[in-house]
Amino acid sequence: MQTQIPPIALVTGAASGMGKAVADRMLAEGWQVIALDIVPCPPQPGLQSVQADICNLEQLEEGVRGALAGRTLQAAVNAAGIFPVSSLETYSEALYRRIFDVNVLGTLNIARVAAENMSPAGGALLFFASVDAFAVSQNQLIYSASKAAVVSLAKSLALELVDRGIVVNAIAPGWVETEGTRRGGRLEEGVKAVPMKRAASLTEIADWVWMLSHRPSYITGETLVISGGVYMR
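Here our numbering runs 636 ahead of the position in the sequence shown, where the first position is 1.
No lab work stands behind these hints, which were simulated from the structure alone.
It should be emphasised that the depicted structure is a prediction, and the values quoted were computed from it without experimental measurement.
The beta carbon of each residue, even a glycine, is placed where N, CA and C say it ideally should be.
A portion of the hints provided could be inaccurate.
[To be verified] Label pairs and their calculated CB-CB ranges: (1) GLU694 x TYR867: 30 to 40 Å; (2) ARG733 x GLY816: 19 to 29 Å; (3) MET868 x GLU694: 37 to 47 Å; (4) ARG734 x GLN774: 12 to 22 Å; (5) LYS833 x SER792: 34 to 44 Å; (6) GLY702 x PRO756: 18 to 28 Å; (7) SER723 x GLU694: 32 to 42 Å; (8) PRO642 x GLN695: 19 to 29 Å; (9) GLU698 x SER652: 18 to 28 Å.
Whenever a hint applies, use it, and build me the whole structure from the sequences.
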């Protein structure tokens, strides 16, 4: 009997937090995962760890091609990102470039590498934007702008790649229970403004990512806001 070859997903930011939750969900669904981060990802059956910087296109291309070893991708999820605080008074050119390099250039680099290595049958790209792209927060001046750019990239790339059978979408999470958001009481304070009075769990985020990356047949160029009601359209 012929053995079915598992589909392959590229997941960035996969060493921790939402990226790791997405990688774990893909593995649980029987996919193989190329887990990419700037630090090594914890070993798991079916997972290949690639240590690379998403801001470095050459490094990305080399790492992903090496991990694929002639195979092709069926999906790519870019969960890597940074969210330093910034305001009109505190921002610097260096901070602006750092945030936009990781959150915007990094997204664009992942899109190029994924599209270059996508199956001829097509596939799915999914980007992590943020509710801050729609409902801005104090002291997130540059971060909010960078995530609005990610929303726009999803639309533009959806048009560019549609004839290749590649769908491109994004999710825009609000407050999510991660180690980073728990630090300094940020999560506890933040959820007070959430109509549902809680943050999303990592499992909930991974569930939505799975739904949108498992070849949605008639959804492309869209951004799904997952904010517990913080932003309602």
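Quiz prompt | Hint numbers not upheld by this structure, sorted from lowest to highest | solution = Result: no hint breaks.
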